[in-house]
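> Can you make the complete structure from the sequences, with help from the hints?
Just so we're aligned: 203 in UniProt numbering is position 203 of the sequence shown, and the numbers increase by one with no gaps anywhere.
These aren't lab readings, by the way, just hints derived from the structure by calculation. Just to be clear, a hint being listed does not mean it is correct.
As the list claims (entries may be wrong) - List time: in silico DSS-like cross-link candidates among lysine-lysine, alpha-carbon distance up to 25 angstroms: (1) K292 <-> K18; (2) K29 <-> K50; (3) K50 <-> K77; (4) K141 <-> K50; (5) K29 <-> K17; (6) K141 <-> K195.
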Amino acid sequence: MQKVLRINLNARNQALKKARRDHLKNTRKKWAQHDDHLVYQLRVTRNMVKTERKERREDWIAGPLAPKRDVGLKRGKYGTFDSQFMQNPEIPNALSDWPTSKGDDLIGDNWKGKGNRGNLVEGDRVCVIRGPDAIKGQIGKIKEVFPEQGTLTIEGLNTIDLEVPVGSVQQQRSPFVAMPRAISIDDVRLVYRQKEEDPRTGHIIRDRDVLVDTIVGDGPYVQREPGSPLPRHTRYVSGCNIEIPWPEVDVPAMRAFPGDTRRLELEKRTYTPSVQQDPLPQLSIIDELRPKYRIDRTAHEFDYVRRKIVEDARSKWYEDRGIDTPAMELRQRMREKSLLRAEERKGAGVAARIQILLEEGRLTAFLPSYRQKLLHSYKGQGLHHPELHADVNALEYQNNSLSSLVDALKAEVLTEEVLARRAAEQPAEGLKDNEEVSEEDVQGYLADLNKEFVVHDAPVEEKRVRK
Numbered sequence: 001m002q003k004v005l006r007i008n009l010n011a012r013n014q015a016l017k018k019a020r021r022d023h024l025k026n027t028r029k030k031w032a033q034h035d036d037h038l039v040y041q042l043r044v045t046r047n048m049v050k051t052e053r054k055e056r057r058e059d060w061i062a063g064p065l066a067p068k069r070d071v072g073l074k075r076g077k078y079g080t081f082d083s084q085f086m087q088n089p090e091i092p093n094a095l096s097d098w099p100t101s102k103g104d105d106l107i108g109d110n111w112k113g114k115g116n117r118g119n120l121v122e123g124d125r126v127c128v129i130r131g132p133d134a135i136k137g138q139i140g141k142i143k144e145v146f147p148e149q150g151t152l153t154i155e156g157l158n159t160i161d162l163e164v165p166v167g168s169v170q171q172q173r174s175p176f177v178a179m180p181r182a183i184s185i186d187d188v189r190l191v192y193r194q195k196e197e198d199p200r201t202g203h204i205i206r207d208r209d210v211l212v213d214t215i216v217g218d219g220p221y222v223q224r225e226p227g228s229p230l231p232r233h234t235r236y237v238s239g240c241n242i243e244i245p246w247p248e249v250d251v252p253a254m255r256a257f258p259g260d261t262r263r264l265e266l267e268k269r270t271y272t273p274s275v276q277q278d279p280l281p282q283l284s285i286i287d288e289l290r291p292k293y294r295i296d297r298t299a300h301e302f303d304y305v306r307r308k309i310v311e312d313a314r315s316k317w318y319e320d321r322g323i324d325t326p327a328m329e330l331r332q333r334m335r336e337k338s339l340l341r342a343e344e345r346k347g348a349g350v351a352a353r354i355q356i357l358l359e360e361g362r363l364t365a366f367l368p369s370y371r372q373k374l375l376h377s378y379k380g381q382g383l384h385h386p387e388l389h390a391d392v393n394a395l396e397y398q399n400n401s402l403s404s405l406v407d408a409l410k411a412e413v414l415t416e417e418v419l420a421r422r423a424a425e426q427p428a429e430g431l432k433d434n435e436e437v438s439e440e441d442v443q444g445y446l447a448d449l450n451k452e453f454v455v456h457d458a459p460v461e462e463k464r465v466r467k
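Quick look at the structure:
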């Protein structure tokens, strides 16, 4: 199953990368179309300007003999633009900073923004700050806003004559029609009517139009009437708490007709599903919505997952299974016995451990020699002689139970030494039978040995340094 999940994850990652590549490719394609359309508009405008200058000079030079150019196919349409020139290119969604809408709300739910995008609607008074000299500085009312193109049209400003297509009904009345050309939404500024009143008298002391350089959209959010083009947020002048009211708009009245469905009938529940009934009439619909053999699918059938889990468990069992030779089995049994004996010795005392070792026959040849080593080391070489530790380490390497034995022998040797010392100090009284040696006596004897026998480190040879 892990292999299936890994393949599925790799497939989903590849599908995600492919979707990203396609999205980037489509974005670049749309942006190229946007640039091509702008280049087309600039080319048409430049050609018309050059043609007009050339013809105007010819007419000035020819005077009364100037040719009549409003003839033929251009009769009645001389100096007009075609419909393609009127259309502005759309900005790709990935590169557009316009706020996204949600449902009936044109701007979005609880949206916050800064600038003209999302804060200008139809009916606002704006002033053109960039553009042709004929319209720069003019004030007009917004006629229509185009969020996809990032443009807007102003009533009575930037009007051009547009050629009416051949065969339309409107061509019978006039070969051209005057329409306002859209300009960028960033080339205008909102005109706000500022009124200041005297706080004492209440008279208006200042009533003028001001240009708002930057608009900020924020709360509070108001629920609009159905069909209203106004957004829910409130707009302010950037840098101060001056609210800019929205323009008054006409909300279309909703009229009910006999053929319309009433709200009561719309909200009435006409179907109640049963618990024993499948949510879908046919299970094959799931495979149609989610292809069964798609490599990047995110869910699998229960039986398929169960089989894969069983296969994983079987393969794991085959990997862990091995062949045990007789020698391996013998070592395993010996290891188990050693662990069992270690547990027994751990719970028993020193005397019991020595008894266990004697029963096993492991102290027969070892006890005398090691006893002599301990006595010799305690009497002549001190308690921490290096040779003693080396011998002990070597013996511990040979016998797993040597640590218990060493402790027992040390205790026995120290006990004999303490008894002998007390006998030497008190010869008249002597020692009683079965007299026990306390722990304080043993500690005192060890302290005396440390004072008498001092272990000196071996001298370190100085290395000669060549000068």
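> Evaluate each hint against the coordinates.
Results for each hint:
{"no.": "1", "hint": "K292 <-> K18", "in the structure": "holds (21 angstroms)"}
{"no.": "2", "hint": "K29 <-> K50", "in the structure": "violated (31 angstroms)"}
{"no.": "3", "hint": "K50 <-> K77", "in the structure": "holds (18 angstroms)"}
{"no.": "4", "hint": "K141 <-> K50", "in the structure": "violated (33 angstroms)"}
{"no.": "5", "hint": "K29 <-> K17", "in the structure": "holds (18 angstroms)"}
{"no.": "6", "hint": "K141 <-> K195", "in the structure": "holds (20 angstroms)"}
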